[in-house]
Amino acid sequence: MLTLSHYLILSLLLFSIGVAGVLTRRNIIVVLMSLELIFNSVNISLAAFSYYLHSLTGMVFVVFNITIAAAEVAVGLAILVCVYRRRRTTNVDELDELKG
Amino acid sequence: MMEQVFFYIFSIIAVISAISVISARSAVRSAFYLIITLMQVAAIFILLRSPFLAAVQVFIYVGAVMVLFLFAVMVLDIGREKLVAYMHHQSVIAVPAVIVFFIMGAYMIIRGGWNVSNAGFPEAALAKSSEVIGKEMFGRYLFPFEVVSLVLLIALIGAVALVLRGREKDKQC
Amino acid sequence: MIQLVWLIPLLPLIGSVINGLFGKRMGKTAVGLVACVAMVASFLISLSIFIKILSLPVAERSVEVTVFNWITSGAFKLDVTFLIDPLSTIMILIVTGVGSLIHIYSIGYMHHDKSFWRFFCYLNLFVFFMLMLVLGANYLVMFLGWEGVGLCSYLLIGFWYEKKSASDAGKKAFVVNRVGDFGFILGLFLLFWSLAGHGITSLSYKEVFANIHHLDPSMLTIITLLLFVGATGKSAQIPLYVWLPDAMEGPTPVSALIHAATMVTAGVYMIARNNLLFSLAPYTGEVVAVVGILTAFFAATMGLVQNDIKKVLAYSTVSQLGYMFTAVGVGAYTAGVFHLMTHAFFKGLMFLGSGSVIHAMGGEQDMRKMGGLHGHMKTTSWTFIIGAIAIAGMPPFSGFWSKDEILWETFEKGHHYIWALGLLTAFLTAFYMFRQVFMTFTGRCRADHHTQHHLHESPKIMTVPLIILAVLAATGGIIGIPFFEEGTAAHHFLNSVFSSGQHVVNHAVAGGGHVANAAGESEAIHGGLELIMMGVSVAVGLFGIFLAALLYYEPMKKFAPSFWTPENLAARFKGLHTLLYNKYYVDEIYDALIINPIKRLCWYCWRFDLGVIDGIVNGAGWVTRLVAWLMHKFDVYIVDGTINSSATFVSWTSSFWRRLQSGYLQNYALVFVIGLLLIIGGALLGW
Amino acid sequence: MTNLLNINYYAVAPELVLIGFAFLVLILDLLLKGRDKAVLGYVTAFGLLVSIPVSYFTNEPVSFSGMVAADSFSAFFNIVFCVAAFLTTLISMDYMKKAKADRGEYYYITLFAVIGMMLMASANDFVNLYAGLELMALSFYVLVAFKINDNKSVEGALKYFVLGALSSGILLYGISFLYGYAGSTNFAEIARAASAGSSQNMFLILGVCLTVAGFAFKVALFPFHLWSPDAYEGAPTPVTALLSVGSKAAAFAVFLRFFAGSLAVLQPHWAMLIWVFSAATMLYGSVVGVSQKNIVRMLAYSSIAHAGIILIGLLVTNDKGSSGVLYYLLVYAFMNIGAFSVITLFVRNNGKGANICDYKGLASKRPWLAFFMALFMVSLAGIPPTGGFTAKFFILASAVNSRYYLLAGIAVVSTVISLFFYAKVIFYMYMKEADDASVFTASPGAALYNVVIVISAVATVLIGIFPSVFMDMAVQAVKPLLM
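Chains as they are written, first to last, in our numbering: chain A, 24 to 123; chain B, 30 to 202; chain C, 22 to 708; chain D, 139 to 621.
One or more of the hints may lead you astray.
Unchecked claim - Residues from chain C shown here face chain B by an in silico Cβ test under 10 Å; the list is partial:
no., residue
1, Val88
2, Phe89
3, Gln687
4, Leu691
5, Leu697
6, Leu698
7, Gly702
8, Leu705
9, Gly707
Said to hold, decoys possible - Below are the DSS-like pairs computed for lysine-lysine, each with C-alpha atoms no more than 27 Å apart in a straight line:
no., chain 1, residue 1, chain 2, residue 2
10, D, Lys562, A, Lys122
11, D, Lys562, C, Lys185
12, C, Lys184, D, Lys503
13, D, Lys570, C, Lys185
14, C, Lys185, D, Lys503
15, C, Lys135, D, Lys562
No wet-lab data here; the hints were simulated from the structure.
The beta-carbon is built from N, C-alpha and C at its ideal position, and this holds for glycine as well.
Using the sequences and the hints given, assemble the complete structure.
Here it is, written out as structure tokens:
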């Protein structure tokens, strides 16, 4: 029997993998992809809660989240394009002008 | 029983491809692995009796977002990553930290439980989830729905302001 | 009229703001006019309030004017409230009156300065804070003024900041005053803390005084001692007097206004205002009196050998402040405040006079290069001499009455040693003041030819304030002449403020078996004994003047015995002279005892930093380097990377240890996640 | 249907006004050409100005099926947002020209950011809250990157974006657990569930921890603050001013409404967490601020330290603490934007004017500006009689009242430490001579800066001298929270 915990653990696993990707990958595009993993894991969690709670809020929230995540990707890639134009790199570590 | 089997199949594929996303050497591969993960998530949504979400997931994520990603990868990142280390050196600390996070989270999830057992929507209603979600969205969630439209607008304007206008400036220079 | 009291501090503030913001563009005439009009208007209001107060019955002479409720937080209230009572009225009259004269004088004195507007901006601002200090009806407003005058004093001492000695002196004043203020703040905190324990959370004098009996005497002693530490800083008493002589680096009107007439008397005012607290802590009173008289004496001895015209006045100021503290220490608050007033007149006068001299001498301050100036600048000379007579305590000039009153009160209250030391100080005062007069104004001019040629009397705008102050210095003692019914006018006027404190003191004295002498009974005691005392102090003063004349006044020198010349005396008492000339080496002692140890401590701390902290960092670096090496092997053999990781890894770790803000995005994210882990972990362990 | 959903347009009147103006500016931007575009900034500022009284008079019951709580609390915050955005819009008109980033999008994106903040302040449901937060955050990502030809600007934006998205993810994850715990995303429902159920529920704990981390990022609490100095330095200076005031205030609004309002029952459980946050943030901000040479970075750390102090008011879950937070934010808006306007006036594209030592001798060259700058520094340092002092006073008084003595002590220590860097600016302005007076030449649009600086200065002093007026407003504003 599938329980809520199954789905939540799956979601947690994807979330952790996403966080690990943000922390370890040097390519900004892959970092952004890892962020998408995080949002997806949240969506699984919300949908699972929604299903097991018999409440539709979670489902609606997922729809909103998917939309907002798409918007975020657009803005993120736009910023990335700006960075690339200035610095000709997608390596996170080469961006260290601001520090201290 | 079948449901369980499918859940494990989808989950395992999702996790493996997710790990591949963050460990693949090239960004293009990462993008493809991510598409696989997103498809599995859509399948999970179906297991959760919400085909509408699954459809949205496929349309928006796989159809729109990933195309955007692939586009960005192709335009900005042609094979450059091979030249530099693709993994950050702080992995030594980051990976254990994430594992600790996972262990703590898993412990809390297994120990946790929810407080209410409300049965707002019976099984039958969930079967028609597209319709119900639609009603909810234009009913109770009308206001956030409108706000989300503004979010999309701002993404549009923002992308134009940063990318399109930037090119105009480049031309002038 | 009394309701308009808020105008008194506000006008100088407005003047200051106008000059500070527009001054640069307004031109010197307008700047001076704005500053002086603000001051004079403020003085006129003060005067009318004074008259109004006089017309009220004695019992109603204490009026609180709440300008507005500043902060209300539950039962706790902070108001900007002004207290008009005889004490604050006298203080505002002094501050605005003498202040106005000094402002007018400054127009002449500072006329050639390029930062004319800045000067008046600061000066007006200072007056504002000083008025807040004396007018405040609660400790907060007083504290605001207290800190404000300190700030302005610092700004004005360092006014010519291009001159290193001036900015150093400013810094010295700042640091020394911080030491004092630390004690003061501590005292205030302790006062509120202990009162809050009894459920009183008010800051106003009225409330505090009404409930002060809740505190036990030992606590009160500590509080008053701490407050007195603040007073020693602000009013230049032992051991914190060292900044005042150096403060003479500021422009002379500043010395006159801040470092003679007003700010330095803030400590005296504070103790007079808190007379009830100090009366309840007799031990503190003793300390105040002893510190005061010792300061008076030692400063006077240091004044004997100074050659800088302003330094002499500076030491004399410290010495006179010592007198005032002696007075308030023994419980003779009226006498202290009375001396404060007369001192403002004659010391303000003398500083302005010395300024006039310096002006004429083209900036020269060394008295050995002066002499014979009487012929060149009659007004300055005469007014200066009047000031000197007043400070030397010659009747009927103001200084006589006030100083004599202090001496008489100390004697009468049984402090005979203090009285004796006071008398000796009076002698020294007369001596060094007339030494200064003779060296500056009589004899042959020792200045170089060029300077002599340019000697001139100062313009009217400078001499008129001198004349007014001279008149005040000469006649200001009237209110302290003790031969009226019901005591002196000053007593009569100030009695209501000090009666509670006085009552406590007299009570204690009576309990100790002494004869109680309430202020109201002063008529009876101002009898024979006091006349004798007066005679003695006049005689001592005259003797001092006579000895100074023998030493420094040309026509008298021939009557002096052969050893009685400055050179012979200096040679004979070489050790003493050197000691005095170097001001008892106090600055050097402070350097050796306080400053150098602090410096050394800092150096040790720095060494500690280098040795231990770096050790830790290096150790951590070593560990991470090991991990890095292992990782490197892992990379090479397992991941098959082409990564030269150790170098970048070490650079990453070092920047991690050195600074969290490394500039690397993923470090930020990692810190973020670790923070999250800590939160969740903490929550799991149960916060 | 309408009644069932209780759609109430009055409840979102301020947002509607701004949306209207945003579209007006958008259309004008398309229609106008060349020099005429200068009007965009004025239209934006006017819109924000109009929205202030509208916000003031908006006080409606909870509407949109429990989504929007347009009460006096959100009205107070809306006014703060509008004032802050109004002032920063005025200074940005000339700045953007100077920075060669004078594009019309800037103005309506600013308006959208303000709308997002308003939605956050009035949100009564996590769905709505998250939408508003993302609206604000996306707008700010774009605004921070707005000087697209400046390395620092885009770099700061990228860092801000990645960390911001990460924090959004974490926040969202936390929301999902709170939803799982209570079965609803509505604040009132969650509050009901929290007061009914056990406080040891793991979903609740996990949800609270994750949401706290998400909002701590927006407030820039240690250790979630790392983005802020970089984003602040990189961003166009007016944007930095708005970011440091608006985004922070919006996150505090949520903190107050959700933690001090809905989860007040659980205060003993999260108090320790907030205590540690507050202490660490205050000390970190003031300590690291001391070593800064760049004045914007210095203000970034100062802003971190201020956030730590404001957090004390959150910890004290009574009307004193909460109203103290509102009051502090109001004061902070004026003094911080004032300081940033002076900086904006002088800062050059080549980085001149951004260092503290560039302000040498300002007092003799531009006495007015130096005076105002000194006033703002004095206020930020919390010295009477400025608003900064009274704000600190209220917060610390509430802390002492609720027996957080140690925290109040730490706040005093942090204030004393921070005095060093504020005094450094004053010291450079007044005690040194200028090496290079060219920094102080005014740009052609200086008049607008002066307006902003004077408004901020007057407000800073007025609030300091008449605190009770504004405190009463704040006390009124927090009433709906504590019912």
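A quick look at each hint next to the structure:
1. About 49 Å separates the beta-carbon of valine 88 of chain C from the nearest beta-carbon of chain B, more than 10 Å, and the hint is not met.
2. Among the interface hints, the one on phenylalanine 89 of chain C is violated; its C-beta lies about 44 Å from the nearest C-beta in chain B, farther than the 10 Å criterion.
3. The beta carbon of glutamine 687 of chain C is positioned within 10 Å of a beta carbon in chain B (closest approach about 5 Å), and the interface hint is therefore held.
4. Look at leucine 691 of chain C: its Cβ gets to within about 6 Å of chain B, closer than 10 Å, so that hint holds up.
5. Here the hint on leucine 697 of chain C is kept, as its CB sits about 7 Å from the closest CB of chain B, short of 10 Å.
6. Annotation: leucine 698 of chain C was flagged as interfacial toward chain B, and the flag holds, the nearest CB pair being 6 Å apart, inside 10 Å.
7. Given the 10 Å rule on beta carbons, the hint for glycine 702 of chain C holds: about 7 Å separates it from the nearest Cβ of chain B.
8. The beta carbon of leucine 705 of chain C comes within 6 Å of a beta carbon in chain B, closer than 10 Å, and the hint placing it at the interface holds.
9. With a least beta-carbon distance of about 13 Å to chain B, the hint placing glycine 707 of chain C at the interface is violated under the 10 Å criterion.
10. For the given pair, lysine 562 of chain D sits about 21 Å from lysine 122 of chain A by alpha-carbon distance, which is consistent with the 27 Å threshold.
11. Distance restraint check for lysine 562 of chain D and lysine 185 of chain C: the Cα-Cα separation of roughly 20 Å lies within the 27 Å cut-off, and the hinted pair is therefore satisfied.
12. Of the pairs offered as hints, the one joining lysine 184 of chain C and lysine 503 of chain D holds, with about 20 Å between alpha carbons and a cut-off of 27 Å not exceeded.
13. For the suggested pair lysine 570 of chain D and lysine 185 of chain C, the alpha carbons sit about 13 Å apart, so the restraint of at most 27 Å is met.
14. Note on lysine 185 of chain C and lysine 503 of chain D: the hinted pairing holds, with a Cα-Cα distance of about 22 Å set against a maximum of 27 Å.
15. At most 27 Å may separate the alpha-carbon atoms for a hinted pair to count; lysine 135 of chain C and lysine 562 of chain D meet this at roughly 25 Å.
Comparing the model with each earlier hint shows violations of hints 1, 2, 9; every other hint is respected.
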